[in-house]
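Asks: Given next are the chains, with one letter for each unit.
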Amino acid sequence: AQSVTQLDSQVPVFEEAPVELRCNYSSSVSVYLFWYVQYPNQGLQLLLKYLSGSTLVKGINGFEAEFNKSQTSFHLRKPSVHISDTAEYFCAVSDGDDKIIFGKGTRLHILP
Amino acid sequence: GAVVSQHPSRVICKSGTSVKIECRSLDFQATTMFWYRQFPKQSLMLMATSNEGSKATYEQGVEKDKFLINHASLTLSTLTVTSAHPEDSSFYICSARWTSLETQYFGPGTRLLVL
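Residue numbers (the working numbering), protein chains in the order written: chain L, 1242 to 1353; chain W, 162 to 276.
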């Protein structure tokens, strides 16, 4: 069975500082990995996805993530955050079948 | 990117009534649509998967007679919450895709409040 662990429920970071949101997954088969962002009272927006190929994936809004198979991780990073990055971030995994399994989310707080 | 809309964005209803939520793919044909439920400050939980023209597949623990899903066309799926109760109050989000290899695109969500 697949699962996703986001260890940090909240991450505070100062504006213009770098940030890393951690995600670990477990799966017995090949995986597809995703990061989604959810702004207050809105649906989910895809930030980036890893399907195959290069392990460093670049997404929208300056975010990137690196797939590490040996550590079963897919951490999300941004070198300099902005106040508009305040949101909930969800890591998700799929084996290519219908289901996407979501992590519990990490709330990113940008401090002025 | 692909656009998915939901209507209404929020709805308040009385206990015992039924509420219909629409999910539309605006610029692509969605062979598969998904319905999720999100409780406050929690993750999304998949309720059911619907393929156009066939019956929806419900996740364990989701009552199919209470949450009626119809996917009558390639651009529209509906979720009807029948005989709604206050515990059905939640944020309902749909997503859609057109092939099994494609990413799911999410709607903006519908906030349901049952009084």
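Possibly wrong hints are sitting among the right ones.
Per label pair, the in silico range of CB-to-CB distance [as the list claims (entries may be wrong)]: (1) His-246/W with Thr-1296/L: 27 to 37 Å; (2) Ser-1271/L with Arg-272/W: 33 to 43 Å; (3) Gly-1337/L with Leu-235/W: 19 to 29 Å; (4) Gln-1312/L with Arg-272/W: 19 to 29 Å; (5) Leu-1292/L with Met-206/W: 38 to 48 Å; (6) Leu-1297/L with Lys-227/W: 18 to 28 Å; (7) Lys-175/W with Val-1270/L: 41 to 51 Å; (8) Arg-272/W with Asp-1249/L: 21 to 31 Å; (9) Trp-259/W with Asn-1282/L: 19 to 29 Å; (10) Arg-272/W with Ser-1250/L: 40 to 50 Å; (11) Ser-1267/L with Lys-175/W: 12 to 22 Å; (12) Ile-173/W with Thr-1296/L: 26 to 36 Å; (13) Ser-1267/L with Gln-221/W: 39 to 49 Å; (14) Ile-1301/L with Lys-175/W: 34 to 44 Å.
List of simulated lysine-lysine pairs, DSSO-like, C-alpha gap at most 27 Å [claimed, not checked]: (15) Lys-1345/L with Lys-227/W; (16) Lys-202/W with Lys-1345/L; (17) Lys-1299/L with Lys-181/W; (18) Lys-1290/L with Lys-181/W; (19) Lys-225/W with Lys-1345/L; (20) Lys-1340/L with Lys-175/W; (21) Lys-175/W with Lys-1345/L; (22) Lys-227/W with Lys-202/W; (23) Lys-1290/L with Lys-225/W; (24) Lys-227/W with Lys-181/W; (25) Lys-227/W with Lys-216/W; (26) Lys-1340/L with Lys-202/W.
Partial list, computed: chain W residues near chain L (C-beta under 10 Å) [what the hints assert, rightly or not]: (27) Ile-173; (28) Cys-174; (29) Phe-195; (30) Ser-204; (31) Leu-205; (32) Leu-207; (33) Gly-214; (34) Lys-225; (35) Ser-250; (36) Phe-252; (37) Ser-256; (38) Trp-259; (39) Gln-265; (40) Gly-268.
Just so you know, these hints were derived from the structure itself, not from any lab.
Beta carbons are placed, not taken as given, at the ideal position from N, Cα and C, and that holds for glycine.
Asks: Does each hint hold? Answer for all of them.
Replies: Hint-by-hint comparison with the structure:
{"no.": "1", "hint": "His-246/W with Thr-1296/L: 27 to 37 Å", "result": "violated (47 Å)"}
{"no.": "2", "hint": "Ser-1271/L with Arg-272/W: 33 to 43 Å", "result": "holds (36 Å)"}
{"no.": "3", "hint": "Gly-1337/L with Leu-235/W: 19 to 29 Å", "result": "holds (21 Å)"}
{"no.": "4", "hint": "Gln-1312/L with Arg-272/W: 19 to 29 Å", "result": "violated (38 Å)"}
{"no.": "5", "hint": "Leu-1292/L with Met-206/W: 38 to 48 Å", "result": "violated (24 Å)"}
{"no.": "6", "hint": "Leu-1297/L with Lys-227/W: 18 to 28 Å", "result": "violated (44 Å)"}
{"no.": "7", "hint": "Lys-175/W with Val-1270/L: 41 to 51 Å", "result": "holds (46 Å)"}
{"no.": "8", "hint": "Arg-272/W with Asp-1249/L: 21 to 31 Å", "result": "holds (26 Å)"}
{"no.": "9", "hint": "Trp-259/W with Asn-1282/L: 19 to 29 Å", "result": "holds (27 Å)"}
{"no.": "10", "hint": "Arg-272/W with Ser-1250/L: 40 to 50 Å", "result": "violated (22 Å)"}
{"no.": "11", "hint": "Ser-1267/L with Lys-175/W: 12 to 22 Å", "result": "violated (44 Å)"}
{"no.": "12", "hint": "Ile-173/W with Thr-1296/L: 26 to 36 Å", "result": "violated (47 Å)"}
{"no.": "13", "hint": "Ser-1267/L with Gln-221/W: 39 to 49 Å", "result": "violated (20 Å)"}
{"no.": "14", "hint": "Ile-1301/L with Lys-175/W: 34 to 44 Å", "result": "holds (41 Å)"}
{"no.": "15", "hint": "Lys-1345/L with Lys-227/W", "result": "holds (26 Å)"}
{"no.": "16", "hint": "Lys-202/W with Lys-1345/L", "result": "holds (9 Å)"}
{"no.": "17", "hint": "Lys-1299/L with Lys-181/W", "result": "violated (38 Å)"}
{"no.": "18", "hint": "Lys-1290/L with Lys-181/W", "result": "violated (32 Å)"}
{"no.": "19", "hint": "Lys-225/W with Lys-1345/L", "result": "holds (25 Å)"}
{"no.": "20", "hint": "Lys-1340/L with Lys-175/W", "result": "violated (33 Å)"}
{"no.": "21", "hint": "Lys-175/W with Lys-1345/L", "result": "violated (30 Å)"}
{"no.": "22", "hint": "Lys-227/W with Lys-202/W", "result": "holds (24 Å)"}
{"no.": "23", "hint": "Lys-1290/L with Lys-225/W", "result": "violated (32 Å)"}
{"no.": "24", "hint": "Lys-227/W with Lys-181/W", "result": "holds (12 Å)"}
{"no.": "25", "hint": "Lys-227/W with Lys-216/W", "result": "holds (15 Å)"}
{"no.": "26", "hint": "Lys-1340/L with Lys-202/W", "result": "holds (21 Å)"}
{"no.": "27", "hint": "Ile-173", "result": "violated (15 Å)"}
{"no.": "28", "hint": "Cys-174", "result": "violated (19 Å)"}
{"no.": "29", "hint": "Phe-195", "result": "holds (8 Å)"}
{"no.": "30", "hint": "Ser-204", "result": "holds (5 Å)"}
{"no.": "31", "hint": "Leu-205", "result": "holds (5 Å)"}
{"no.": "32", "hint": "Leu-207", "result": "holds (6 Å)"}
{"no.": "33", "hint": "Gly-214", "result": "violated (16 Å)"}
{"no.": "34", "hint": "Lys-225", "result": "violated (17 Å)"}
{"no.": "35", "hint": "Ser-250", "result": "violated (14 Å)"}
{"no.": "36", "hint": "Phe-252", "result": "holds (8 Å)"}
{"no.": "37", "hint": "Ser-256", "result": "holds (8 Å)"}
{"no.": "38", "hint": "Trp-259", "result": "violated (13 Å)"}
{"no.": "39", "hint": "Gln-265", "result": "holds (6 Å)"}
{"no.": "40", "hint": "Gly-268", "result": "holds (5 Å)"}
When held up to the earlier numbered hints, the structure conflicts with 1, 4, 5, 6, 10, 11, 12, 13, 17, 18, 20, 21, 23, 27, 28, 33, 34, 35, 38 and fits the remainder.
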